[in-house]
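What follows is the residue order along each chain.
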Amino acid sequence: MNKVLLSGNEAIARGAYEAGVQIATGYPGTPSSEILATIAKKYKDEIYAEWSTNEKVAMDVAAGAAYSGRRTMVTAKQVGMNVLSDALLYTVYTGIEAGLVVITADDPGMFSSQNEQDNRWYAKLAKIPLLEPADSQEAKDFVVLGIGLSEEFDTPVLIRTTMRVSHSKSIVLEGERPSVPQEVGPFVRNQEKYVCTAMWAKKRHPVVEQRLVNLARYAEDAPFNHVEWAEHSLGIIASGVTYMYAREVFPQASFLKLGMTFPLPEELIRSFADGVEKLIVIEELDPFLEEQIRAMGINVIGKEIFPPYDELLPDTLTQLGLESGLIDEAKGMTHSVTVPTELPARTPVLCAGCPHRSTYYWLNKMKMPVAGDIGCYNLGCLPPFNAQHTMGCMGASVGVLHGMSIAGVPEHAVATIGDSTFFHSGMPALLNMVHNQSRGVVIIMDNGSTAMTGHQDNPGTDWTLQGKDAPHVEFEPLVRAMGVEKVLTVNAFDIGEVESGLNECLAYDGPSVLITEGLCAQLDRTPKPSYMVNPDKCIACGACLKLGCPAIVKADKVDEKTGNPKAEIDPGLCVGCDICRQVCPVEAIQISKDRETQGDR
Amino acid sequence: MKNISFLVAGVGGQGTLLASDILAEVGMEAGYDVKKSDVLGLAVRGGSVLSHVRWGEKVASPVVRKGDMDYLLAFEPLEAMRGVEFLHPKSIVLCNTKAMPPITVSGGSEVYPTHEQVIRVLQSAAATVHFVDASAEAERLGNLKVANVVMLGAFSTLLDVPRKTWEGVVLSRIPQKYVALNQNAFHTGCTVVKRSQLS
Ligand code: SF4
Ligand code: SF4
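Same order as they appear, the protein sequences are chains S and D. Residue 601 is where the first sequence ends in our numbering, and the numbering goes up by one at each step. Residue 1199 is where the second sequence ends in our numbering, and the numbering goes up by one at each step.
Excised from the complex, chain D in its bound form:
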């Protein structure tokens, strides 16, 4: 069993840590040894959040070397760009398209990269790049907060783990009254990535 390494990137408060927790647990349920590493603390106040998740037969280091990440799951385009130095030419990227400009852009003088720049950088760094407008899908479902579950649904279609295992882990973390909503969000995610592959 070869190690599989994932980079999960997002902005503090976006549910990035919950998503990487779920990803790690799915690996465990699928029979892998699993490790993951987060940076917490003040970073959670709107800073960049990067999580490393690894599945394998026996995983030693919780932190992955640059150039060793097989997958990038990004909740925000700018954070996806920050993550490309971890990728290798065969990496697969799934990126939410909704931009969240940092205060250095909104209140300061720095410039947020254009959508074309984002596409160019990600495509030159990885083998396959999928974009999903998870925030729009979440809004359509009536709750912005499920954007990360939409992303996870989409991401699940890129991996060889039964959908049942994914749903089991995702839903076990959701309070009873939100189960249906999150199940919907997960299904939506599963279908959007198929659409983005076709186009």
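Excised from the complex, chain S in its bound form:
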């Protein structure tokens, strides 16, 4: 058997391969994006993979594929599950013809999400089995198991990872791919099962309830729920990567390690509880296990000690263990050094040459309220721009803008939304603005890809995840067809065009759309000369520094009159986008003769 080092996400992709999955769909989102990327790269011949326009669409596509007899997987990040859930809930009633697993990649610690939510509740809400892998080996194995469970119990199965499972790497033993049919038969006509109209769906509900009872029975001696006996004074119930942390921090304790966390194996939990003096549950975020165990009438401690927010990393567990008296001294822990000086922060910034820079430059200058959205451009809320005043979820900006408009906000407001986000869920909101005759400017910042999550394709790109050609959907005709009368397209790298475009839209009494076009700096491979500041001409006004380009820095030289530092450009970082040259009032910025950027960073 081949031994390889895989991230949790790569292992899930491998699991799909070994489970005989033939179709995989999803929408990109950290920390889930690498699953489909890996499938598209490594298992292209065996598994069809696509980025769908949003998670709900991905789930509907998956349902159709699983109804048609193909083993299928869907992936979403934690908040992506909110979008996906509408479609998930009907598949619970219908069941499937071939295995269907849904992956939710949660984000305790909020590394790249707008909230911290515990998606295990979705399993309870939907009444479907829930698996929680603790490392890459389990991530792979649980996909194979999940497909098996799905087919055995005729239900979709939810697999929940967290950022640390998805993005950590550990050793995996690879297995083989089973043989799967090349062709599927004619579509099954089983209306009472697959048409969720009330009269038929009503009969499916008891089936769903009975299925849960059967699953709970199965969970009692399922291989992935097991007890590890050690000292009987302390028993710990844990799942996912939290189990790994707890193993290390409480080496003497007995453990009940749950691989399947819904429905729970009540008898197993009861016998474990009977065998220990003190029973605790360690789980990140909500008391999902704790509440269910308490409801069994079992005395258990959890959130009293371990808070329902942030990760419960080994450091935190050690500290809480000491505070609560679960550990007497931090065994084997050496003291840590404190950093003596305040260190300057290194926050993420819009890349050198980012097409979004010009828009935020003007939004900052014009001082109007801005409803923001999800993408790299969310960095527009930070200095030096501070030009974004709301941000909630995918596609929210356009609806929020309309709300501001009908509320009668006296200023002219603006929404900023990226190309992929607009396709994802901005479109219905724009139609709503048209239909309800709103006023406000929607800026579609078209950088030609889904940049933040790793430059995935979307309907605006002319390629697909698997590298096939695709029709490139143009924004201007699309938006016009949706009924917007005022539509302008400008070059994002032309400061003047962006300004006049914005002004023209702002003056319009109705909904308008400004499309700022400019390729993402990470995708633009055309070599352009880098720029430099002529120190003799620079008057240290700071105009270019307000662009927040990482290539522009304060120089050691100061202006004699004001004492302010002059500007300087790092030739290694500048990609020659030309924007700074356009904002300099005295033409101090020019193309550097002695150095060309390579465009191959």
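Note that these hints are calculated values from the structure, not bench results. Please read these numbers as outputs of a predicted model, since none were measured by experiment. Do not take every clue at face value.
[Said to hold, decoys possible] Okay, derived cross-link-like pairs now, DSS-like style, lysine-lysine, Cα gap no bigger than 30 Å in a straight line:
1. S:Lys561 - S:Lys365
2. S:Lys278 - D:Lys1058
3. S:Lys303 - D:Lys1066
4. S:Lys42 - D:Lys1164
5. S:Lys554 - S:Lys365
[Stated by the list, open to error] Partner residues are not named here, just some residues of chain S that face chain D (Cβ under 8 Å, in silico):
6. Leu5
7. His167
8. Tyr245
9. Thr318
10. Pro348
Ideal placement from N, C-alpha and C gives every residue a C-beta, glycine not left out.
Assemble the complex: chain S is given as a structure, and chain D with the ligands must be docked to it using the hints.
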């Protein structure tokens, strides 16, 4: 077999993740159980990147506690300073000397620590500190991008794993036409740390 824990610190875009991947794989090839944990996402747009890598007989947690890191491999001095809270008095540090001031320094009002501060903080936190001007070595080799391979070469001399194993892993990840360059970079790294030990 005792667990060995490594902190790899750098700036998004510097090849920090590639280096920690290589370090993890070297451990696997050397017969250890291995785990590593990264933080990805928007952090990659020029933010701080910290990776935890662990080798051992059986590794449970991919994340290491503060005070438990045996080695710090830092691609940038400021990021090295950020990492010291993970170290213990017997830790060993290898740090690239090339500074990359964050935008809060270059465009804002914060101050980058002086070279003396960096040395003082690292030396007070760890048993041994090696500095390598990997970026200068890389520039000398004609390609700034191999700075991380120079660092890995230097780092390899601090560990008890055969050089063959290291080179095998490093070169397996390099496209054919860059193999010679990277081999050179790795060798350069192996020699620079010896020099820095002598001085
Ligand atoms: S990745 Fe592209 S869109 Fe994102 S900040 Fe960089 S240049 Fe801008
Ligand atoms: S041209 Fe100016 S704004 Fe554009 S990348 Fe270079 S320094 Fe930055």
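We went through each hint and held it up to the structure:
Of the supplied pair hints, the one linking Lys561 of chain S and Lys365 of chain S holds, its CA atoms being roughly 26 Å apart against a limit of 30 Å. A distance of roughly 27 Å separates the Cα atoms of Lys278 of chain S and Lys1058 of chain D; the hinted pair therefore holds under the 30 Å criterion. Distance hint between Lys303 of chain S and Lys1066 of chain D is fulfilled; the C-alpha atoms sit about 24 Å from each other, no more than 30 Å. With a C-alpha separation of about 28 Å, the suggested pairing of Lys42 of chain S with Lys1164 of chain D holds against the 30 Å cut-off.
For the hint pairing Lys554 of chain S with Lys365 of chain S, the CA-to-CA distance comes to about 21 Å; that is within 30 Å, so the pair holds. Restraint check, Leu5 of chain S versus chain D: the minimum CB separation of about 5 Å is within 8 Å; hint holds. For His167 of chain S, the suggested interface contact is upheld, since its CB lies about 5 Å from the closest CB of chain D, less than 8 Å. Checking Tyr245 of chain S against chain D: minimum C-beta separation of about 5 Å stays under 8 Å; hint holds.
For Thr318 of chain S, the shortest C-beta to C-beta distance to chain D is roughly 6 Å, which falls under 8 Å, so the interface hint holds. Among the interface hints, the one on Pro348 of chain S holds; its C-beta lies about 4 Å from the nearest C-beta in chain D, closer than the 8 Å criterion.
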